[in-house]
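Asker: Sequence:
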Amino acid sequence: MEKEKKHYDRRFRRYVAKLVVEDGRRPADLERELGISYSSLMRWVKAYKDEQNETEKSRQDSLYTATEYKRQLEMSEKARRDLAEE
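Read left to right, the sequence shown gives residues 1 to 86 (the UniProt record's numbering).
By construction, these hints were calculated from the structure, which means they are not laboratory data. Backbone N, C-alpha and C define an ideal beta-carbon position, used for all residues, glycine too. Treat the hints with care, as some may be off.
[To be verified] Distance condition first, Cα-Cα at most 20 Å in a straight line; then the derived EDC-like pairs of lysine to aspartate or glutamate: (1) K49 - E77; (2) K46 - E56; (3) K18 - E68; (4) K57 - E68; (5) K46 - D23; (6) K18 - E4; (7) K6 - E31; (8) K78 - E68; (9) K5 - E31; (10) K6 - D23; (11) K49 - E31; (12) K46 - E31; (13) K70 - E56; (14) K49 - E68; (15) K49 - D9; (16) K5 - E33; (17) K46 - D9; (18) K46 - E22; (19) K49 - D23; (20) K78 - E31; (21) K18 - E51; (22) K18 - D61; (23) K46 - E68; (24) K57 - E22.
[Unchecked claim] For each label pair, taking beta carbons as the anchor points, the in silico distance ranges come out as: (25) L83 - F12: 32 to 42 Å; (26) Y38 - R59: 24 to 34 Å; (27) E51 - A84: 21 to 31 Å; (28) E33 - K5: 28 to 38 Å; (29) R14 - G35: 41 to 51 Å; (30) A28 - K49: 49 to 59 Å; (31) S76 - Y8: 44 to 54 Å; (32) Y8 - K57: 50 to 60 Å; (33) T65 - E22: 26 to 36 Å; (34) K57 - F12: 38 to 48 Å; (35) A66 - M42: 38 to 48 Å; (36) R26 - R80: 55 to 65 Å.
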């Protein structure tokens, strides 16, 4: 007899992965408590970590260094002065 596949929604998968990554819960304990296969659980953890890394990377990419910020500010002020002179 074939075992029925369970489907877990994205929110639940993220919640369980967060328990492992951020709360330090042991995957083996969650496997037993929730009846989730270890391989599924570890896939969710990997996906969560990848998502966190991508979010951090995009956040870092959007931050200006002090020099870049100063340059942007100077360019904005110059554009404002040029418009005022017209």
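Asker: Does the structure keep K18 and E68 at a Cα separation of 20 Å or less?
Answerer: violated, 35 Å
Asker: For the pair supplied as a hint, K57 and E68, is the alpha-carbon distance within the 20 Å limit?
Answerer: Between K57 and E68 the Cα gap is close to 18 Å, so the pair holds against 20 Å.
Asker: Below or equal to 20 Å on CA atoms is what counts here, so check K18 against E4.
Answerer: Distance ~26 Å between K18 and E4 Cα, so the pair is violated.
Asker: Has the given pair, K46 with D9, been kept, meaning a C-alpha gap of at most 20 Å?
Answerer: This hinted pair holds, its Cα atoms lying about 16 Å apart.
Asker: Does the alpha-carbon distance linking K5 and E31 stay inside the 20 Å limit?
Answerer: holds, 16 Å
Asker: Against the range 38 to 48 Å, how does the distance between the Cβ atoms of K57 and F12 compare: consistent or not?
Answerer: violated, 26 Å
Asker: Against the 20 Å threshold, does the CA-CA distance of K46 and E56 hold or violate the hint?
Answerer: holds, 15 Å
Asker: Against the range 26 to 36 Å, how does the distance between the Cβ atoms of T65 and E22 compare: consistent or not?
Answerer: Since the Cβ atoms of T65 and E22 sit about 29 Å apart, the hinted range of 26 to 36 Å holds.
Asker: Just to be sure I understand the hint, the distance between the Cβ atoms of S76 and Y8 should be within 44 to 54 Å; is that true here?
Answerer: Given range 44 to 54 Å: holds, Cβ gap about 48 Å.
Asker: With a cut-off of 20 Å on the C-alpha distance, tell me whether K46 and D23 pass.
Answerer: holds, 15 Å
Asker: Is K18 close enough to E51, meaning Cα to Cα at most 20 Å?
Answerer: Holds: K18 and E51 sit about 11 Å apart, inside 20 Å.
Asker: So if I understand the rule, the pair passes when the alpha-carbon distance is 20 Å or less; does K78 with E68 pass?
Answerer: Between K78 and E68 the Cα gap is close to 15 Å, so the pair holds against 20 Å.
Of the numbered hints stated above, those contradicted by the structure are hints 1, 3, 6, 10, 13, 14, 20, 22, 23, 25, 27, 28, 29, 30, 32, 34, listed in ascending order.
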